[in-house]
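Kindly produce the complete structure, drawing on both the sequences and the hints.
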Amino acid sequence: MIKFFDRKLQVSVMQEFIRRIQNARQVNHIIMDRIRPIIDEEPLWSRSDQSFSIRLAKAEDVPLFIELENDAYKGFHAWTQQDFKHDWLRNPYCVYILVEDMTNKEVVAMISGRFLAKGAHISHLLVREKYQNQRLGSKLLDLWIRLAEIEEVPIITLEVRESNTIAQNLYYGQDFKKHGIKENYYSDNKETAFLLKREMPNA
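So for the sequence shown, UniProt numbering puts the first residue at 1; every next one is plus one.
No wet-lab data here; the hints were simulated from the structure.
Where a beta carbon is used, it is the ideal one built from N, C-alpha and C, also for glycine.
The reader is advised that the hints may include incorrect statements.
Below, simulated BS3-like cross-link-like pairs (lysine-lysine); rule was C-alpha separation at most 27 Å, straight line [claimed, not checked]:
(1) Lys177 <-> Lys139
(2) Lys139 <-> Lys74
(3) Lys178 <-> Lys105
(4) Lys139 <-> Lys105
(5) Lys197 <-> Lys182
(6) Lys177 <-> Lys118
(7) Lys190 <-> Lys58
(8) Lys190 <-> Lys177
(9) Lys105 <-> Lys118
(10) Lys178 <-> Lys118
(11) Lys130 <-> Lys118
(12) Lys190 <-> Lys74
(13) Lys74 <-> Lys118
(14) Lys118 <-> Lys139
(15) Lys178 <-> Lys190
(16) Lys105 <-> Lys130
(17) Lys177 <-> Lys58
(18) Lys105 <-> Lys74
(19) Lys105 <-> Lys197
(20) Lys139 <-> Lys58
(21) Lys182 <-> Lys105
(22) Lys105 <-> Lys58
(23) Lys58 <-> Lys178
(24) Lys177 <-> Lys105
(25) Lys105 <-> Lys190
(26) Lys118 <-> Lys182
(27) Lys178 <-> Lys197
(28) Lys197 <-> Lys139
If you anchor each label on the Cβ, the simulated ranges turn out as follows [unchecked claim]:
(29) Asn70 <-> Tyr185: 14 to 20 Å
(30) Lys118 <-> Asn164: 31 to 37 Å
(31) Glu152 <-> Asp49: 37 to 43 Å
(32) Ser187 <-> Glu149: 31 to 37 Å
Dropping the structure here:
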């Protein structure tokens, strides 16, 4: 009975959070509006007996971001729910691209960040734990690089945890280079961040 009540409360809180986001004044997402035709034309990604669709996030997806982060990062948090909410409502240059499992419509992966004239930045590259090792992260990174080429930005930057060697190898394989560190960068455990960048050849 307690678990049922907790579940009802959790759903109620999420519904209220979604309602507030939908009713809040928010900036126009000018970059997402601009790249929408590209994302809409992105073909399904298939692997063995699974198919995945790609889409841009909507306001009602925002509560999922913290859940995705918690699952993908195994409890470590880079952003809070309020961070995601503020970014969605106030950042006209933010971009959130989601991957859905076509069999159950579950959001299983996300890449997010921003595109500015001076460069693109990746804030999150998240894949649910049970969907990892299926190249979803690699495909999202490929898509982000392609969008950076279309937007003609000179550079892509990101931060990655010192301990996350799997992610580092993914980025290094796509020509990202380490160009600095930030000690005590992550508030949850004071871990050091590696600063990576990728120079865009045609910028």
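Checked hints:
Proposed proximity of Lys177 and Lys139 is supported: the alpha carbons are some 19 Å apart, at most 27 Å. For the given pair, Lys139 sits about 21 Å from Lys74 by alpha-carbon distance, which is consistent with the 27 Å threshold. Restraint check for Lys178 and Lys105: not satisfied, since their Cα atoms lie roughly 36 Å apart, outside the 27 Å limit. Between the alpha carbons of Lys139 and Lys105 the distance comes to roughly 19 Å, so the proposed pair stays at or under 27 Å and holds.
For the hint pairing Lys197 with Lys182, the CA-to-CA distance comes to about 14 Å; that is within 27 Å, so the pair holds. Proposed proximity of Lys177 and Lys118 is supported: the alpha carbons are some 18 Å apart, at most 27 Å. Proposed proximity of Lys190 and Lys58 is contradicted: the alpha carbons are some 32 Å apart, above 27 Å. Taken as a hint, the Lys190 and Lys177 pair is honoured in the structure, with Cα atoms around 23 Å apart against an allowance of 27 Å.
Distance check on the hinted pair: Lys105 and Lys118 sit about 36 Å apart at the alpha-carbon level, beyond 27 Å; violated. With a C-alpha separation of about 19 Å, the suggested pairing of Lys178 with Lys118 holds against the 27 Å cut-off. The hinted pair formed by Lys130 and Lys118 fails the criterion: a straight-line CA distance of about 36 Å is larger than 27 Å. The hinted pair formed by Lys190 and Lys74 meets the criterion: a straight-line CA distance of about 16 Å does not exceed 27 Å.
Restraint check: the Cα-Cα separation between Lys74 and Lys118 comes to about 33 Å, which exceeds 27 Å; the hinted pair is violated. Distance hint between Lys118 and Lys139 is fulfilled; the C-alpha atoms sit about 24 Å from each other, no more than 27 Å. At most 27 Å may separate the alpha-carbon atoms for a hinted pair to count; Lys178 and Lys190 meet this at roughly 19 Å. Restraint check: the Cα-Cα separation between Lys105 and Lys130 comes to about 15 Å, which is no more than 27 Å; the hinted pair holds.
As the CA atoms of Lys177 and Lys58 are separated by approximately 32 Å, the hinted pair breaks the 27 Å bound. The hinted pair formed by Lys105 and Lys74 meets the criterion: a straight-line CA distance of about 22 Å does not exceed 27 Å. At roughly 33 Å between alpha-carbon atoms, Lys105 and Lys197 are farther apart than 27 Å, so this suggested pair is violated. Among the hinted pairs, Lys139 with Lys58 is consistent with the structure: their alpha-carbon atoms are about 21 Å apart, no more than 27 Å.
Distance check on the hinted pair: Lys182 and Lys105 sit about 37 Å apart at the alpha-carbon level, beyond 27 Å; violated. For the suggested pair Lys105 and Lys58, the alpha carbons sit about 14 Å apart, so the restraint of at most 27 Å is met. Restraint check for Lys58 and Lys178: the C-alpha separation of about 33 Å exceeds 27 Å, so the hint is violated. Pair hint Lys177 plus Lys105 does not hold up; C-alpha atoms about 35 Å apart against a cutoff of 27 Å.
A C-alpha spacing of about 35 Å is found between Lys105 and Lys190, which places the hinted pair above 27 Å, so the restraint is violated. For the hint linking Lys118 to Lys182, the alpha-carbon distance of about 21 Å falls within 27 Å, and the restraint holds. Between Lys178 and Lys197 the CA atoms are separated by roughly 7 Å; this keeps the pair inside 27 Å, and the hint holds. For the given pair, Lys197 sits about 18 Å from Lys139 by alpha-carbon distance, which is consistent with the 27 Å threshold.
As the Cβ distance of Asn70 to Tyr185 is approximately 19 Å, the hint placing it in 14 to 20 Å holds. In this structure the supplied range 31 to 37 Å is violated for Lys118 paired with Asn164, their Cβ-Cβ distance being about 26 Å. In this structure the hint that Glu152 and Asp49 lie 37 to 43 Å apart at CB holds, the actual value being about 39 Å. Between Ser187 and Glu149 the Cβ separation comes to about 33 Å, which falls inside the hinted range of 31 to 37 Å.
In this structure, the earlier hints numbered 3, 7, 9, 11, 13, 17, 19, 21, 23, 24, 25, 30 are contradicted, and the remaining ones agree with it.
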